[in-house]
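*Asks:* Everything in the sequence shown is counted per the working numbering, starting at 1 for the first residue and increasing by one.
Some hints could be false.
As the list claims (entries may be wrong) - Listed below are the simulated PhoX-like cross-link pairs for lysine-lysine, each with C-alpha atoms no more than 20 angstroms apart in a straight line:
id	residue 1	residue 2
1	443	426
2	72	43
3	103	72
To be verified - Here are the simulated distance ranges between beta carbons:
id	residue 1	residue 2	range
4	141	17	41 to 49 angstroms
5	327	492	54 to 62 angstroms
6	117	290	32 to 40 angstroms
7	20	204	24 to 32 angstroms
8	496	141	27 to 35 angstroms
9	396	557	49 to 57 angstroms
10	125	280	36 to 44 angstroms
11	496	110	34 to 42 angstroms
12	420	531	14 to 22 angstroms
13	65	397	55 to 63 angstroms
The set of hints was computed from the structure by calculation and includes no laboratory data. Yeah, the Cβ is synthetic: ideal placement off N, Cα and C, and Gly gets one too.
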Amino acid sequence: MNERLDAHLSAMEDLLRESGLQIVERRAISYGVQIVLTDGLSKVPLNFFTSGRITAQGRPSDLQVKLDAWAKQQEATFRGQAAEEERKSQANILVAAPAHFHKVRSLLADMPGVSFVSPRGSALFHAEIEKEHQHVAVTLYPSGTLVIQGLASRLLDEITQTLNVHVVKPLDWALVEGAPPTEDERYAVLEDGETSPALAWLQMHCDPQVLWFTRPSLFYTLVAAAQLREAWPRVNYPLAEARVLVLPFARALSGFLTQLALHLGWVEGDAFTVPPALDTLRGWWERLASALPDPQVQDTLAAAWQALCDALRPDFVLQPAPPLCPEDAEAQIAAVLKTITHFYHIWVASPNVPAASPPAPTGEADDHAEAWIGTDEAGKGDVFGPLVVAGVAVTAETLPQLQALGVRDSKVLDDAAILRLAGAIKALCPHEVLVLEPQTYNKLYPRHGRNLNRLLAWAHAQAIARLAQQTGITHALSDQFSTAHELETAVAQEAPGVHLRQFPQAERDPAVAAASILARAAFLEGLHALQQRFKGVSIPLGATDPQVRQAVRDIYERWAMDGLRAAAKCHFRTVTEALGNVPLHC
């Protein structure tokens with residue numbers, strides 16, 4: 001960070017101490033930092049740019065007005081200093097999808113003081129914008145690289161922010177610059193699979209279960225890569241170098257390898273904070289590939305590894321690889337997706353994962369001293385069946401027994417193993433299982449603002465509170481399914497005094513893994529009960545399969561809306577699309 005940005009952030013800390021406002025979220029944005037503040041009634045994002053500019057966003061509210069005034073005053077405080085400093089040249093670089101090239105030009109054309117000049121070299125176009133003695137140049141290249149240049153100024157920030165919001169964000173290419181997508185957003189994206197050619201293609205070439213397994217940022221990288229691949233043929237521009245189509249898929253493969261290593265306990269939970277070196281990836285790769293001896297599969301792995309190496313080569317710009325034709329690019333993309341699917345089925349989906357041992361207690365669990373509560377859920381991505389949240393209390397005495405049973409994340413166990421282990425866990429550990437049957441779920445969902453993450457946070461907090469009261473345990477651990485604030489607030493209300501930890505892939509912890517097994521077992525039992533009640537209709541899992549839509553229609557036709565409310569989570573888009581214009585009132 002530069003000195004001015006540091007000074008503004010320091011001033012914000014003073015504001016927090018004086019006003020009692022709290023930080024909800026902090027994330028990197030293009031050339032700055034976004035801090036989301038709340039007064040308990042509303043939330044306002046504050047954008048701090050490296051140029052010294054501060055903007056208060058969000059809907060009009062008392063807090064938004066207050067923070068906007070503070071931002072202007074803070075800017076004015078440093079304006080004199082800025083005038084004395086030498087204004088430095090700045091270049092902001094964004095990435096646009098080919099489908100958005102026309103929109104980039106349209107946005108620039110609407111800006112006051114813009115003129116388009118003949119582009120140099122391979123650039124598609126070059127625009128010059130002048131406003132109040134400030135000058136900014138914008139150049140778009142065939143690869144989608146968007147270069148915004150000029151002296152550090154308010155105009156440069158405004159242009160960058162406009163293009164970033166309206167052009168780059170829909171692609172979700174550089175997700176490190178934004179907040180991870182919520183699970184609700186992931187459901188919505190996958191439910192669009194039938195209407196989006198890119199998503200339909202992705203789900204055809206990559207097992208949908210893989211897309212549910214991946215971290216949100218990795219999932220959206222794959223979606224963005226598929227969108228780019230699908231959009232490019234519609235751009236009237238010859239593609240001399242097709243490697244640009246492969247690169248996002250190869251980057252996704254790198255992230256998937258890291259997630260697998262994390263899932264299998266080969267690395268610690270902070271593995272995603274620093275990109276792994278190529279040698280580290282090679283070590284993981286050799287270990288993963290050893291479980292796939294088939295020669296035909298090895299050819300696929302070799303092509304995928306080559307794509308990965310090309311994407312991560314440090315000398316890619318100085319010593320570029322030979323041009324790649326579109327046909328070879330398609331072959332490499334197919335190899336990458338097949339490799340991801342192969343690795344997933346061998347190392348995650350298979351109940352007999354090679355060389356995988358029961359999960360050891362994580363560093364988070366060790367911090368819980370003698371005992372802790374783990375929670376997890378099941379059924380949140382399924383139209384039919386209950387939403388289940390389970391909690392399990394683990395002590396230093398019961399931990400070795402859980403490990404001896406082979407307790408691990410339910411996603412790597414088959415149904416028979418889940419049902420068998422569930423009974424053993426219940427006999428061994430204090431537990432709570434909260435089953436929200438569809439009829440109850442459909443009543444609670446609107447009470448929690450029609451927001452699944454809020455409902456999940458409430459249910460997790462209920463399980464934690466009941467177990468804490470039952471056992472006296474004051475430490476809890478949960479998978480981070482949304483922003484940390486949601487669950488922290490719910491636990492503070494329902495179980496004050498309980499210290500909560502959240503982190504991605506928390507199922508590696510024995511208590512959370514045990515909770516995931518109890519939740520999945522209860523979900524399977526609920527699904528079986530539905531099947532017995534609605535005889536003659538096949539009750540499928542998931543949310544996007546055409547069989548789900550057919551089951552929705554079948555139940556509605558035979559048992560009307562009362563039957564559907566008792567079987568399905570009615571807010572899913574799949575339900576509304578299956579029934580057309582039928583008012584649900586769920």
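*Asks:* Now tell me, hint by hint, if it's right for this structure.
*Replies:* Cross-check of the supplied hints:
1. A threshold of 20 angstroms between alpha carbons decides the hint, and for residue 443 with residue 426 the separation of about 29 angstroms lies outside it, so the pair is violated.
2. Distance hint between residue 72 and residue 43 is fulfilled; the C-alpha atoms sit about 19 angstroms from each other, no more than 20 angstroms.
3. Annotation: proposed proximity of residue 103 to residue 72 is violated, straight-line Cα distance about 31 angstroms (limit 20 angstroms).
4. A hinted range of 41 to 49 angstroms holds for the C-beta pair residue 141 and residue 17, which are about 46 angstroms apart.
5. Judged by the Cβ atoms, the range 54 to 62 angstroms given for residue 327 and residue 492 holds: they are separated by roughly 57 angstroms.
6. Here the CB-CB span from residue 117 to residue 290 is close to 57 angstroms, at odds with the stated 32 to 40 angstroms.
7. Distance hint for residue 20 and residue 204: a CB-CB separation of about 52 angstroms, inconsistent with the stated range 24 to 32 angstroms.
8. Judged by the Cβ atoms, the range 27 to 35 angstroms given for residue 496 and residue 141 is violated: they are separated by roughly 55 angstroms.
9. The supplied range of 49 to 57 angstroms is met by residue 396 and residue 557, whose beta-carbon atoms lie about 55 angstroms from each other.
10. A hinted range of 36 to 44 angstroms for the beta carbons of residue 125 and residue 280 is consistent with their spacing of about 41 angstroms.
11. Separation of residue 496 from residue 110 is about 52 angstroms and departs from the stated range, judged on CB atoms against 34 to 42 angstroms.
12. Roughly 21 angstroms separates the CB atoms of residue 420 and residue 531, a value that falls within the hinted 14 to 22 angstroms.
13. A C-beta distance of roughly 56 angstroms is found between residue 65 and residue 397, which places it inside the suggested range of 55 to 63 angstroms.
The structure is inconsistent with the numbered hints 1, 3, 6, 7, 8 and 11, although it conforms to all the rest.
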